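Participant: Whenever a hint applies, use it, and build me the whole structure from the sequences.
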Amino acid sequence: MTHSTTVRAGRAGALLASAALLTLATAPVRAAEPADLPGNWLRLSLTTGDSASSDTRGTLLMCDPPQGHRHAAEACGQLASVKGDIAAMRPLNAVCPMIYAPVTARATGQWDGRAVSYEHTFANTCQLQATTGSVFALDSDQLDETDETLPGLAD
1 MTHSTTVRAG RAGALLASAA LLTLATAPVR AAEPADLPGN WLRLSLTTGD
51 SASSDTRGTL LMCDPPQGHR HAAEACGQLA SVKGDIAAMR PLNAVCPMIY
101 APVTARATGQ WDGRAVSYEH TFANTCQLQA TTGSVFALDS DQLDETDETL
151 PGLAD
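Heads up: the sequence shown at position 41 corresponds to 41 in the working numbering, and the numbers run straight through without jumps.
In short, the hints are calculated from the structure, not lab data. Any given hint could be a false lead.
Unchecked claim - Cβ pair distances, simulated, as ranges:
hint: 1; residue 1: Ala80; residue 2: Thr108; range: 24 to 30 Å
hint: 2; residue 1: Pro38; residue 2: Ala73; range: 34 to 40 Å
hint: 3; residue 1: Thr108; residue 2: Pro65; range: 17 to 23 Å
hint: 4; residue 1: Gly77; residue 2: Ser51; range: 30 to 36 Å
hint: 5; residue 1: Ile99; residue 2: Gly39; range: 35 to 41 Å
hint: 6; residue 1: Gly113; residue 2: Ser54; range: 20 to 26 Å
hint: 7; residue 1: Tyr100; residue 2: Gly77; range: 29 to 35 Å
Predicted, not measured: the structure shown is a model, and the values here were computed from it. Where is the CB? At the ideal position from N, CA and C, for every residue including glycine.
Facilitator: Right, here's the structure in full:
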């Protein structure tokens, strides 16, 4: 009888141990929140179109060291010049087409320990780029589009 009692206790212990492992394995793991990130960072997003159901894409731009999109170093430099205040950026002298293709730029994050929140809808990507420079250049070729001379404006 001692033998069968030991086997039952061993099975019960194994079942209890496996149940504990399953419980621990299914416990959610907390991902690092952006608020936990050191240094200057912004969560950037662009939404094209007139509604929230339109195409939205985004990235996390980190500036210590610069990373997050192809023009991160340039974007971080531009942000540093305005102390992270995107609304303080001044538009470049650019000739943009009068085409309504709205794009909404959003940024949340922190700069020099201060919370940053920005949202603005531009008439088109040309106006977005003329105003915000490289900050919202999320697509790899986005900056290259505005470098072309518009028809009828060549010297």
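Participant: Each hint: holds or not?
Facilitator: Hint check:
Range check, Ala80 to Thr108: about 18 Å between beta-carbon atoms, so the 24 to 30 Å window is missed. Between Pro38 and Ala73 the beta carbon distance is about 18 Å. The supplied range of 34 to 40 Å is therefore violated. Checking the proposed 17 to 23 Å range against Thr108 and Pro65 shows it holds: the Cβ atoms sit about 21 Å from each other. Hint check: Gly77 to Ser51, Cβ distance near 34 Å, so the stated range 30 to 36 Å holds.
Separation of Ile99 from Gly39 is about 38 Å and conforms to the stated range, judged on CB atoms against 35 to 41 Å. Between Gly113 and Ser54 the beta carbons are some 34 Å apart, a value that contradicts the proposed interval 20 to 26 Å. At roughly 31 Å, the beta carbons of Tyr100 and Gly77 sit within the given window of 29 to 35 Å.
When the structure is compared with the earlier hints, violations turn up for hints 1, 2 and 6 and for no others.
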